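Undergrad: What follows is the residue order along each chain.
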Amino acid sequence: MKLKSREIKNTTFRRRWNKFKNLKRGYYSFILLAALYLFSFVLPVFIGRDALLVRYNGQYYVPLFKHYSAETFGQKLFGEANYRLLKIKFSEEGGNNYVLMPLYPYGPNENLLDETRGTPPHPPSFSHWLGTDDRARDVLARLAYGFNISISFSLVIAMLSFLIGTAAGAVLGYFGGKTDAFGQRVIEIWSTLPLLFIIMILSSVLRPDFFILCVIMTLFSWTGITYYVRGEVYREKGKDYALAAFSSGANGSSIIFRHIIPNSLTPVISFAPFAVVANIMSLVSLDFLGFGLPPPTPSWGEMINQGMGNLHYWWLSVFPLAAQFLTLLMVVFIGEAVRDALDPREYNRTVRK
Amino acid sequence: MKKKILEIKDLKVSFSLNNKKGNAVDGLNLDVYEDEILGLVGESGSGKSVTAYSVLGLISEPPGKIESGKIIYNGTDLLKLSFEELRKFRGSEIAMIFQEPGSALNPVMTVESQLAEVFNAREKTDGKEIYEKSVELLSQVGIPDAGKRIKEYPGSLSGGMQQRVMIAMALAGNPSLLIADEPTTSLDVTVQAAILDLMLKLKEQNKISSIVLITHNLGVVAGTCGSVAVMYGGKIQESSSTKEIFLYPLHPYTKLLLESVPVFGKQRGDDLKSIPGSVYGIYDNPPGCKFYGRCPAQKKECGVTEPPLKEIKEGHFVRCFLYE
Chain A
1 MKLKSREIKN
11 TTFRRRWNKF
21 KNLKRGYYSF
31 ILLAALYLFS
41 FVLPVFIGRD
51 ALLVRYNGQY
61 YVPLFKHYSA
71 ETFGQKLFGE
81 ANYRLLKIKF
91 SEEGGNNYVL
101 MPLYPYGPNE
111 NLLDETRGTP
121 PHPPSFSHWL
131 GTDDRARDVL
141 ARLAYGFNIS
151 ISFSLVIAML
161 SFLIGTAAGA
171 VLGYFGGKTD
181 AFGQRVIEIW
191 STLPLLFIIM
201 ILSSVLRPDF
211 FILCVIMTLF
221 SWTGITYYVR
231 GEVYREKGKD
241 YALAAFSSGA
251 NGSSIIFRHI
261 IPNSLTPVIS
271 FAPFAVVANI
281 MSLVSLDFLG
291 FGLPPPTPSW
301 GEMINQGMGN
311 LHYWWLSVFP
321 LAAQFLTLLM
331 VVFIGEAVRD
341 ALDPREYNRT
351 VRK
Chain B
1 MKKKILEIKD
11 LKVSFSLNNK
21 KGNAVDGLNL
31 DVYEDEILGL
41 VGESGSGKSV
51 TAYSVLGLIS
61 EPPGKIESGK
71 IIYNGTDLLK
81 LSFEELRKFR
91 GSEIAMIFQE
101 PGSALNPVMT
111 VESQLAEVFN
121 AREKTDGKEI
131 YEKSVELLSQ
141 VGIPDAGKRI
151 KEYPGSLSGG
161 MQQRVMIAMA
171 LAGNPSLLIA
181 DEPTTSLDVT
191 VQAAILDLML
201 KLKEQNKISS
211 IVLITHNLGV
221 VAGTCGSVAV
231 MYGGKIQESS
241 STKEIFLYPL
251 HPYTKLLLES
261 VPVFGKQRGD
271 DLKSIPGSVY
281 GIYDNPPGCK
291 FYGRCPAQKK
301 ECGVTEPPLK
311 EIKEGHFVRC
321 FLYE
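Sequence order for the protein chains is A and B.
Here the first sequence is numbered in the numbering used here, starting from 1 and rising by one per residue.
Here the second sequence is numbered in the numbering used here, starting from 1 and rising by one per residue.
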């Protein structure tokens, strides 16, 4: 009984969700990408330099959550303990002490010069699956951590800019008239400011970190969606249900937020995946040019830049490019599926071929 | 003498398009008395809906503009009020139901939350009380199994049910005047009858004092309204009690409208009468009588000056040179 009443609920959303599920390419891309992204939050458990658990002289340490100096474990090193070396040492000693390392025991920012033979970059090998870069850092670890940063960055910007863009578009569309005309001119002027130069100038003044970069990017990417939301709000405002809400004495904010905006979100939803693509691309280009996240942050753009500087070390360019290509491809698949799911036509023109 | 609840005086509403301006409502006078159902009749484009929208301040500016006139509701001129002041009248004094119930309900809100909004527009009431009141209202307007239906979205209700929900929403504010803008036009004939019966019943139970029923269906008028105003070209052409209008129509337009009603039992092959021509656009405003050109009884002077609205018999007004 309860199930039945839930089935009636929100039939439009349910129908669209079911349609999205039927668009296999997009749906599986969505599942895979979502799983990978969630997985990337617990990455240190699987890929990282910090041991999960250390038993040393009868005591347990969890380096995953707390930093220990090398001296804690009797290592003759400066700074933090090196758990890989510690593991080798313990197994040579053969005592009760042991180290439990992550599956892939290399961190993204770790210089492995001391533990590798020859000069970096090292080609893919059994211990470094995708090789190391020119500073002897593990490529796989950097790729994996860079994935999280790429997606987080693009999602945060997409959300912030859609929030601002929707609000601005709603104001323009709802109030119309002079507000609309004036607001649109302001937005047009704002959107002609050259993003790249401003970021260059800003990054010479302040050192951009993740959040500063997010804020800067948001400031320059919110304008795109306003036009669509403005148009939708304009249309929805004139519909009977908005008039009905007015005529029943609803106040302005309730009409905007409860009636008009929820009905104007279709462009926002269908643009979201493509905005994510654009944001991933812009982070990569900024990092590639060196105006993005500060080193040694594992970023894909920086890796591609390094690959271009070392063209004969093929793994430095092939793997980051492949990772980026696959990620973007999946997001585009999701975007297509979302667009088709929101399309009221049952069959689109591409079906018959 | 009955008390006037709504008095529209010399209302002019214009719409501008591409630097052209035209009056959709052009000097309209209309009185709605307490405890009556007034039928506002006319074909599409005669300004009925614009009149209704003006009362509740729903004309969007631009392109619309209320040029002049007064809309006096119980002594207050609604046109002089600010948005916030007018909001106190909307829903709680004057409510409106629309032609297309399917589009007049918000598709992404449940019936419950839409009803709750009407209640909350007046005073914050606690959720449980609102729920109980809403279910009671829905049962009153004849929705079976209201406790369950209230959780549904408008899309899963039939047209008749949607219109009942609209009526419930209109009643939720406990208004004195209900403006029904073609409430049955988009419904099946059987459902139309049920909705009209419901409105009559609510009127008899004194849930609402007065109703303005906007329609182009004279059959609907005959069955429900106490008095009728016939509108054409943004003006009242004839107004009287329903009985008087149906028995002794004076204006040629009214006569033609009455002749255009399909009659049951007519012979096959008989033509259904219609009025030749169509309503002129509001941007090409011809001089003289608004009906000049389509009128079978037109005289020369009709194309030059416009006849005034005259009281021919007691309570029977007509705007035509034939009666002088």
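The hints are simulated quantities; they were obtained by calculation from the structure and are not laboratory data.
Hints are supplied without guarantee of correctness; some may be wrong.
[As the list claims (entries may be wrong)] Under 8 Å between C-beta atoms, here's a sample of chain B residues computed to sit facing chain A:
#: 1; residue: 63
#: 2; residue: 64
#: 3; residue: 104
#: 4; residue: 105
#: 5; residue: 109
#: 6; residue: 112
#: 7; residue: 116
#: 8; residue: 125
None of the values given here were measured: they were computed from a predicted structure.
Glycine included, each C-beta is placed from N, C-alpha and C at the ideal position.
Undergrad: It remains to establish, for every hint, whether it holds in the given structure.
TA: Hint check:
1. Because the closest C-beta pair between residue 63(B) and chain A is about 11 Å apart, greater than 8 Å, the hint is violated.
2. Hint on residue 64(B) is violated. Least Cβ distance to chain A is approximately 11 Å, over the 8 Å limit.
3. Satisfaction of the interface hint for residue 104(B) is found here, the shortest Cβ-Cβ separation to chain A being roughly 4 Å, below the 8 Å cut-off.
4. Given hint, residue 105(B) at the interface with chain A, holds; its Cβ is 6 Å from that chain's nearest Cβ, closer than 8 Å.
5. Hint status for residue 109(B): holds, given a least beta-carbon distance of 7 Å to chain A, under 8 Å.
6. With a least beta-carbon distance of about 11 Å to chain A, the hint placing residue 112(B) at the interface is violated under the 8 Å criterion.
7. Checking residue 116(B) against chain A by beta carbon gives a least distance of about 10 Å; that is not within 8 Å, so the hint is violated.
8. Interface restraint check: residue 125(B) against chain A, minimum CB-CB distance 14 Å, threshold 8 Å, status violated.
Figure legend: structure checked against the earlier numbered hints; hints not met, in rising order: 1, 2, 6, 7, 8.
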